[in-house]
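Add chain E to chain X, keeping to what the hints say.
2 protein chains.
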Amino acid sequence: MDFKFLQELLVPAQTKIVLLIMDGLGGLPLEPGGKTELETACTPNLDALAGRSILGLTQPAGPGITVGSGPGHLAIFGYDPIEYEIGRGALEALGVDFELGPDDVAARGNFCSVDENSVITDRRAGRIPTEVGRELAEILRTIKMDSVEFFVRTVKEHRFAFVMRAPGLGDALSETDPLKVGGVTLPVRALNCESEIAAQYANQFIEQARCLLANKHPANMITLRGFAKLPHIPTYPELYGLNSAAVAINGMYRGVARLAGMEVLHVCGETIADEFATLEKYWNDFDYFYMHVKKTDTCGEAGDFAGKVRVIEEVDALMSRLLALNPDVVIVGGDHSSPAVLKSHSWHPVPVLIYGKYVRPDGISEFGENACSRGSLGILPATHVIRIALANAGRITKYGA
Amino acid sequence: MDFKFLQELLVPAQTKIVLLIMDGLGGLPLEPGGKTELETACTPNLDALAGRSILGLTQPAGPGITVGSGPGHLAIFGYDPIEYEIGRGALEALGVDFELGPDDVAARGNFCSVDENSVITDRRAGRIPTEVGRELAEILRTIKMDSVEFFVRTVKEHRFAFVMRAPGLGDALSETDPLKVGGVTLPVRALNCESEIAAQYANQFIEQARCLLANKHPANMITLRGFAKLPHIPTYPELYGLNSAAVAINGMYRGVARLAGMEVLHVCGETIADEFATLEKYWNDFDYFYMHVKKTDTCGEAGDFAGKVRVIEEVDALMSRLLALNPDVVIVGGDHSSPAVLKSHSWHPVPVLIYGKYVRPDGISEFGENACSRGSLGILPATHVIRIALANAGRITKYGA
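Residue numbers (our numbering), protein chains in the order written: chain X, 205 to 605; chain E, 205 to 605.
Looking at chain X on its own, in the form it has when it is part of the complex:
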């Protein structure tokens, strides 16, 4: 997909687009011949909308590829997730709502247990309670150096996000976790010249952490993995001229949206209804809204088929509030599949509907995997969705005469 080609064809318009993502939407039947979660759910509003929409199945990163939520979101936002890779460290920092800047190198941190010879005896420090993790993070925050800023943010239990901030740091850095009990924690090595200084800073941080944590067994050492800066991604305002906003509760999705140049709105509360209220509140202020529903994925990963069905029904019941705003284009889809029977993300293509005043409806009044597989969009790369939405929003002019 050539951004430059598209950008030359973009024209302003007074139209509004809503992208509603149910995380891990795609599913599987519980038994052969059965229905998926989405097909099981009673969704009169989505079914009616489907009848006025074009349907298809999206693939975030090509056939057979299961993606994490990071690449899944990049894809449905229109970015090739293979070209624009978000490293694990950066995802971890985004996940705790850390506002990663262009000078930041992030990593996933673990507290771990080591013996007197620095040999790892427990890679997760006995899964210390999150509260203990927070106290230890406070201790790590006392580590200061003149030329670099360090940030430590507790994630959960033994996990934390680590960030180094200084101009010109590289992120080609080896990991310190030997990935097995019985191994020695490794020093950080620079994998290119630009990353030499970052390696020094990281090693100095680790040595100070070793001293500060010496008597904190089982959490008497740390490991750092997945060093990564944020990729530079052309933003929605730059690419599409879209004044765009994100409605999402969880940090990682807020982070990926911020990466794409969306303004991340404050949601009062934590329910899906609160998210729809946020959409209503800011409706007049933006051209494009990305809305994220997390619980479909949480249920899918937990193997909770019925729970995922209920979340989808909850979203369906709220659709009337969205449609009452009279959006010009509505996309309902997912970032990837998370079938409850697999208790994990999966490679299955994800149902999508695109509604607009000028779509040529498929005439299929049902929103489900099987219905979408019969839709006119067929199986399409998730990256195509934004283009079709922009066209239907009157934001792409004619190419050539």
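Do not rely on the hints blindly, as some may be mistaken.
As the list claims (entries may be wrong) - Straight-line Cα separation of at most 27 angstroms, DSSO-like style, residue types lysine-lysine; simulated pairs:
1) E:Lys547 / E:Lys220
2) X:Lys239 / X:Lys220
3) E:Lys547 / X:Lys561
4) X:Lys602 / E:Lys220
5) E:Lys384 / E:Lys360
6) E:Lys547 / X:Lys220
7) X:Lys360 / X:Lys420
8) X:Lys602 / E:Lys239
9) E:Lys420 / X:Lys602
10) E:Lys208 / X:Lys602
11) E:Lys348 / E:Lys384
12) X:Lys602 / X:Lys547
13) E:Lys547 / E:Lys561
14) E:Lys360 / X:Lys561
None of these hints come from the bench; they were simulated from the model.
Using the frame of chain X, we list chain E on its own:
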């Protein structure tokens, strides 16, 4: 699309292919749940042919992109319309049946009105009648220079096609139209070294035009836009070994066909029936025929739903004459959509059927947008169509053992 890969697999055959293009064929219903133009039209012959064909929806330049007829035709001819761009000036010259050569730089010309300070007071010279445009073009034709040939062809009203012919001219030239009333006409600037001489010629032409038109108010000046040479395009005989012909009445389509190396046949008359008569007349002389029906698009752009329906029915009634010739492969499709409700070209994928003795028919005896969305071809790039046609015509041999 890799031409080289395909070319190595091509084999000669005694088969005939017909590509019948109804310009702007794709449409939209007048009201929700209604039928498109093509679905409304009574088309017993096309429906019967569809039942023996494979169906799909073509995209000329990817999802969401609306194309002009130039790129739309390049795509259905098998050329990537983004790689092979035909500039506006070249299209204007092709549109008046000017036989653009490889040394020619073409531009769109406008007569305009300027005041004594060269400030534009009317960018279209009050839309002078075409007859006045012709008289003024005669005047411009008196401009001569030794090292370059100039051509001026009236298009309509204040518009004309302008062509400079000399070896080695570049076409990276800035436009002279300030695009607003109150601006001064600009000189042509070369945007690269190869175009310096072309800029000089154009400016000398403009200065002579200014003198010759001085007392011809309101058409007392010209502007030139969209300077372009023809792209070099590998031709049908070169690419496919096809001895190919075009049956088209309007200049632009004749021009694009000529660019693709087709022999442009003379059509006696201006009706669609006259085009079918031309096909019959030359049937024995070529392997491949491109036939172009313009009025579907004209009606679509005029918002004339019923008119577009009638044109499609007129084509349907003539299909028996085409099929009586016993072609091996028949493609019926369009270069883009032009829904009457939008009164313009649009991004909607375009219905296509491919008939051949050895297709595996979809068993859908209906030719329409919805029927085609259920066809086995799905949504496909328009550039793929020629390959499927060649295969069905026995013109592609096996790859590998």
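Status of each hint after checking the structure:
With a C-alpha separation of about 35 angstroms, the suggested pair Lys547 of chain E and Lys220 of chain E falls outside the 27 angstroms cut-off, and the hint is violated. Note on Lys239 of chain X and Lys220 of chain X: the hinted pairing is violated, with a Cα-Cα distance of about 33 angstroms set against a maximum of 27 angstroms. In summary, the hint linking Lys547 of chain E to Lys561 of chain X is supported, as the alpha carbons are separated by about 15 angstroms, within the 27 angstroms threshold. Taken as a hint, the Lys602 of chain X and Lys220 of chain E pair is broken in the structure, with Cα atoms around 34 angstroms apart against an allowance of 27 angstroms.
Restraint check for Lys384 of chain E and Lys360 of chain E: the C-alpha separation of about 21 angstroms stays at or below 27 angstroms, so the hint holds. Under the criterion of a C-alpha separation no larger than 27 angstroms, the hint pairing Lys547 of chain E with Lys220 of chain X is consistent with the structure, at around 22 angstroms. About 18 angstroms separates the Cα atoms of Lys360 of chain X and Lys420 of chain X, which keeps this hinted pair within 27 angstroms; it holds. Restraint check for Lys602 of chain X and Lys239 of chain E: satisfied, since their Cα atoms lie roughly 25 angstroms apart, inside the 27 angstroms limit.
Taking the CA atoms of Lys420 of chain E and Lys602 of chain X, the gap is about 35 angstroms. The hint is violated against a cut of 27 angstroms. In summary, the hint linking Lys208 of chain E to Lys602 of chain X is not supported, as the alpha carbons are separated by about 30 angstroms, beyond the 27 angstroms threshold. Restraint check for Lys348 of chain E and Lys384 of chain E: not satisfied, since their Cα atoms lie roughly 30 angstroms apart, outside the 27 angstroms limit. Simply put, Lys602 of chain X and Lys547 of chain X have alpha-carbon atoms about 45 angstroms apart, too far for the 27 angstroms limit, and the pair is violated.
For the suggested pair Lys547 of chain E and Lys561 of chain E, the alpha carbons sit about 37 angstroms apart, so the restraint of at most 27 angstroms is broken. Proposed proximity of Lys360 of chain E and Lys561 of chain X is contradicted: the alpha carbons are some 35 angstroms apart, above 27 angstroms.
This entry does not satisfy hints 1, 2, 4, 9, 10, 11, 12, 13 and 14, going by the numbered hints stated previously.
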